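If you number the sequence shown the way numbering that gives the first Met the number 0 does, the last residue is 158 and the count never jumps.
Simulated from the structure, these hints should not be mistaken for laboratory data. Worth double-checking, as some hints may not be accurate.
With a cut-off of at most 27 Å between alpha-carbon atoms, the simulated BS3-like pairs for lysine-lysine come out as follows [said to hold, decoys possible]:
1. Lys23 with Lys11
2. Lys23 with Lys3
3. Lys156 with Lys66
Restraint ranges, calculated between C-beta atoms of paired labels, are given here [unchecked claim]:
4. Ser76 with Glu22: 24 to 30 Å
5. Gly132 with Val39: 25 to 31 Å
6. Gly69 with Lys11: 21 to 27 Å
7. Pro141 with Lys16: 25 to 31 Å
8. Glu126 with Gln155: 37 to 43 Å
9. Ser121 with Arg19: 32 to 38 Å
10. Pro74 with Gln9: 35 to 41 Å
11. Glu22 with Gly67: 33 to 39 Å
Here the structure is a predicted model, which is why all the values come from computation and not from measurement. Glycine is no exception: its CB is placed at the ideal position from the N, C-alpha and C atoms.
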Amino acid sequence: MNEKILTREQLKRRVEKWRRSGEKITLANGCFDVLHVGHVRYLHAAKELGGKLIVAVNSDESVRALKGDGRPHMPESERAEILAALADIDAVVVFSEPNVRELIREIHPDVQAKGTDYAAESVPEREVVMEFGGRVEIVGDPKDHSATEILRQMEQKRS
């Protein structure tokens, strides 16, 4: 198993170790069903905020709830493995809740990085991040890329 892919308990221990070493923690999250350049730019910008970058990946079940039947196209284990291969990412964890509020309560990130499809005020977990003294940062390029749109275009070409 990849040393960057962690269970929730392993992640909590890793975060504690990093904090003892003086590291800051940045959390990014998403489905990452079909990895595209928008994802890479978002994650790179999140890493540039400093410290260790943790990426929380929606479980297969939560992707289905968010995106509908037929999704995800790749199982959570493969999505996690692909993300863990990226140099900017220090840890990957799969979560099954509809959002990362509970994970935020567990690890208290210094920063939650969200993509440009959000405004800082519209981030669903914003209040929880702030409860623990963290902040929300909007990072990445404009939302010109979408896995849903890529998949729709692929389907149209096959038809």
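Checked hints:
1. Lys23 with Lys11: holds, 14 Å
2. Lys23 with Lys3: holds, 17 Å
3. Lys156 with Lys66: holds, 21 Å
4. Ser76 with Glu22: 24 to 30 Å: The hinted range 24 to 30 Å holds for Ser76 and Glu22, with Cβ atoms some 27 Å apart.
5. Gly132 with Val39: 25 to 31 Å: holds, 29 Å
6. Gly69 with Lys11: 21 to 27 Å: Taking Cβ atoms as reference, Gly69 and Lys11 lie about 34 Å apart, which means the hint is violated.
7. Pro141 with Lys16: 25 to 31 Å: violated, 36 Å
8. Glu126 with Gln155: 37 to 43 Å: holds, 40 Å
9. Ser121 with Arg19: 32 to 38 Å: Holds: the Cβ-Cβ distance is about 34 Å, inside 32 to 38 Å.
10. Pro74 with Gln9: 35 to 41 Å: The hinted range 35 to 41 Å is violated for Pro74 and Gln9, with Cβ atoms some 20 Å apart.
11. Glu22 with Gly67: 33 to 39 Å: The hinted range 33 to 39 Å holds for Glu22 and Gly67, with Cβ atoms some 38 Å apart.
Of the numbered hints stated above, those contradicted by the structure are hints 6, 7, 10, listed in ascending order.
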